[in-house]
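With chain R held as given, fit chain L onto it using these hints.
2 protein chains.
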Amino acid sequence: PDEGAVAAVRARDAQLTKPAGSLGKLEDIAEWLAAWSGKDTPKVGRGLVAIFATSHGVVEEGVSAFPAAVNRQMVENFAAGGAAINQICRSFDIGLKVFDLAVDLPTPSIAREDAMDEPNCAATMAYGMEALAGGIDLICLGEMGIGNTTVAAAIFHALFGGEPEEWVGRGTGVDDEGLKRKAGAVRAAVARLGPERDPLEVLRRVGGREIAAMAGLIIAARLQRVPVIVDGFVTTAAAAVVHAMDPEGLDHCLFAHLSSEAAHGRALQHMGKTPLFDFGMRLGEGSGAALAAGIVKAAAATHSGMATFDTAGVSEKSGA
Amino acid sequence: PDEGAVAAVRARDAQLTKPAGSLGKLEDIAEWLAAWSGKDTPKVGRGLVAIFATSHGVVEEGVSAFPAAVNRQMVENFAAGGAAINQICRSFDIGLKVFDLAVDLPTPSIAREDAMDEPNCAATMAYGMEALAGGIDLICLGEMGIGNTTVAAAIFHALFGGEPEEWVGRGTGVDDEGLKRKAGAVRAAVARLGPERDPLEVLRRVGGREIAAMAGLIIAARLQRVPVIVDGFVTTAAAAVVHAMDPEGLDHCLFAHLSSEAAHGRALQHMGKTPLFDFGMRLGEGSGAALAAGIVKAAAATHSGMATFDTAGVSEKSGA
Numbered sequence: 007p008d009e010g011a012v013a014a015v016r017a018r019d020a021q022l023t024k025p026a027g028s029l030g031k032l033e034d035i036a037e038w039l040a041a042w043s044g045k046d047t048p049k050v051g052r053g054l055v056a057i058f059a060t061s062h063g064v065v066e067e068g069v070s071a072f073p074a075a076v077n078r079q080m081v082e083n084f085a086a087g088g089a090a091i092n093q094i095c096r097s098f099d100i101g102l103k104v105f106d107l108a109v110d111l112p113t114p115s116i117a118r119e120d121a122m123d124e125p126n127c128a129a130t131m132a133y134g135m136e137a138l139a140g141g142i143d144l145i146c147l148g149e150m151g152i153g154n155t156t157v158a159a160a161i162f163h164a165l166f167g168g169e170p171e172e173w174v175g176r177g178t179g180v181d182d183e184g185l186k187r188k189a190g191a192v193r194a195a196v197a198r199l200g201p202e203r204d205p206l207e208v209l210r211r212v213g214g215r216e217i218a219a220m221a222g223l224i225i226a227a228r229l230q231r232v233p234v235i236v237d238g239f240v241t242t243a244a245a246a247v248v249h250a251m252d253p254e255g256l257d258h259c260l261f262a263h264l265s266s267e268a269a270h271g272r273a274l275q276h277m278g279k280t281p282l283f284d285f286g287m288r289l290g291e292g293s294g295a296a297l298a299a300g301i302v303k304a305a306a307a308t309h310s311g312m313a314t315f316d317t318a319g320v321s322e323k324s325g326a
Numbered sequence: 007p008d009e010g011a012v013a014a015v016r017a018r019d020a021q022l023t024k025p026a027g028s029l030g031k032l033e034d035i036a037e038w039l040a041a042w043s044g045k046d047t048p049k050v051g052r053g054l055v056a057i058f059a060t061s062h063g064v065v066e067e068g069v070s071a072f073p074a075a076v077n078r079q080m081v082e083n084f085a086a087g088g089a090a091i092n093q094i095c096r097s098f099d100i101g102l103k104v105f106d107l108a109v110d111l112p113t114p115s116i117a118r119e120d121a122m123d124e125p126n127c128a129a130t131m132a133y134g135m136e137a138l139a140g141g142i143d144l145i146c147l148g149e150m151g152i153g154n155t156t157v158a159a160a161i162f163h164a165l166f167g168g169e170p171e172e173w174v175g176r177g178t179g180v181d182d183e184g185l186k187r188k189a190g191a192v193r194a195a196v197a198r199l200g201p202e203r204d205p206l207e208v209l210r211r212v213g214g215r216e217i218a219a220m221a222g223l224i225i226a227a228r229l230q231r232v233p234v235i236v237d238g239f240v241t242t243a244a245a246a247v248v249h250a251m252d253p254e255g256l257d258h259c260l261f262a263h264l265s266s267e268a269a270h271g272r273a274l275q276h277m278g279k280t281p282l283f284d285f286g287m288r289l290g291e292g293s294g295a296a297l298a299a300g301i302v303k304a305a306a307a308t309h310s311g312m313a314t315f316d317t318a319g320v321s322e323k324s325g326a
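Keeping their order, the protein sequence lines are chains R and L.
Quick note on this note's numbering: the first sequence kicks off at 7 and runs consecutively.
Quick note on this note's numbering: the second sequence kicks off at 7 and runs consecutively.
Next comes chain R alone, as it looks inside the complex (with noise of 0.2 Å):
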């Protein structure tokens, strides 16, 4: 983090009129941004959603309500400007880029195989760092993969332990059976595993495309002192891939929400992070993210607009 530039931003919070603190996690932001940016008056002027999408073989396992050729379908949604995050964007000012990770060729199965061989996991880290070309500012982290609730419980079981049945969810809305099959591909692909957990080969091994393009793209950012929000489960399990290789890795994240997806939770506090709001979402396509993103333009905006008491001619508090 950027000392200095917290600094300042500590330095000048004082000065502006109105009660110390009162604006609450608001300042806390303008911090963060500060902190990671390294800019002593954090802005927001080009926001991105940033969406990985791709497909994934363990869809054949039955464990999810939709068919993998939503994938696709959505992707012209997001292009069209139909889905969900497109409105969203449009009314926070942020861009929206889709990144299409062979959405047509699915990764194998991961309760079979391994989903990435080692070149193909590393170039698409790599590729994922790419969204932060342009001079972006601001990265929402954002997915489309259906089955990815799956992948994303197998990685959570595989990092963080316990029972397969603790990590698998609804999703976009399995039944019983489907809930039951998640847990049984998630078992499987875990067991392919040895004991020894090295969290670029759960990456590789039992995750996916967009997961690996995420998980690149957090690292690059702290390089780039891009701060990161993180949308929800499926997003947190890049977080969570990044935060095993050092828990220090996701210092310049933000966990926008808490997901209905009911392991998210869990996960989080795991990593001993508190998502800013619970909205009951469990959308994807960085949702929350962009959400959060508005919230966070307004803190940076609250922090480097406000008048000071001195310019503004406001009484500070008695015997300041």
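Worth flagging that the hints you see were computed from the coordinates, not collected in a lab.
Don't take each hint at face value.
Any copy will do: because identical chains look the same in the list, a pair fits if it lies in one copy or spans two.
Below, computed lysine to aspartate or glutamate pairings styled on DMTMM-like, alpha-carbon distance capped at 20 Å [stated by the list, open to error]:
{"no.": "1", "residue 1": "K323", "residue 2": "D181"}
{"no.": "2", "residue 1": "K323", "residue 2": "E183"}
{"no.": "3", "residue 1": "K323", "residue 2": "E82"}
{"no.": "4", "residue 1": "K31", "residue 2": "D19"}
{"no.": "5", "residue 1": "K323", "residue 2": "E66"}
{"no.": "6", "residue 1": "K323", "residue 2": "D8"}
{"no.": "7", "residue 1": "K323", "residue 2": "D182"}
{"no.": "8", "residue 1": "K45", "residue 2": "D8"}
{"no.": "9", "residue 1": "K49", "residue 2": "D99"}
{"no.": "10", "residue 1": "K323", "residue 2": "D19"}
{"no.": "11", "residue 1": "K31", "residue 2": "D284"}
{"no.": "12", "residue 1": "K49", "residue 2": "E37"}
{"no.": "13", "residue 1": "K49", "residue 2": "D204"}
{"no.": "14", "residue 1": "K49", "residue 2": "E183"}
{"no.": "15", "residue 1": "K279", "residue 2": "D252"}
The structure displayed is predicted, hence computed values, not measured ones.
Chain L only, in chain R's frame:
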């Protein structure tokens, strides 16, 4: 509520390109907007934060960390665009109007005298209704008045019982001695009331002008089909007066946030209301309500802007 508009929203929601229920509270908000605006397709075109500013004689009792002169200074800060609320409104393209309720003429100290006489209280309630002029379709309650957390605490104590100490908090940052003086002022104010607690008499005798104006506005908004967003501790006191008259009288109101003023949560519990988020804020000015308005605008935009499964050519859930 307009049941026809709610039915139209539900029917459309079921066709939007997302799993059913996956937008959580955003879906509830779209329904709420339809119910209380009477519009089949909820839209927020002209949102407004109305700040009611006034002065309170109870400040003489030593209940606040800031001097009463701040009221006039902050009204000028709002006009000059330097306050927190100006930045938040700009971020979300929401209008802002400040209503000066005789800022330079404090009401008498409620510890000793009634805040308003009957004609004055009625006229102030009527004045609050004027905030709806000009085709406003979403109204956020805001206030400015040094000493008004003491006044709000008196209203809560009068309406909900308990001890004065349970209803007072630090406000803008009062010290331990000031907190005792606050409790004393609240006790003295409510002791002047008889055992009967007519809500409008509580408002008139231990309230303040901004609270009367907001109570009038809440009632008028219902009749004019304008959904209302309630901010924090002080605006909730205005809502509590309306609630005491009719427990269903707040159904068109969304409670934005849980204030860090400790008794806010207790007041909401008494009315059975759940706030949208908790960002640890306690500024007033309508700041929490304006953040919520940003979320509400995004919720309306998702509902009315998204494509349907049919138009986008996206496959529905298996078996649907």
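_Earlier hints that do not hold, by number_ = 6, 13 and 14
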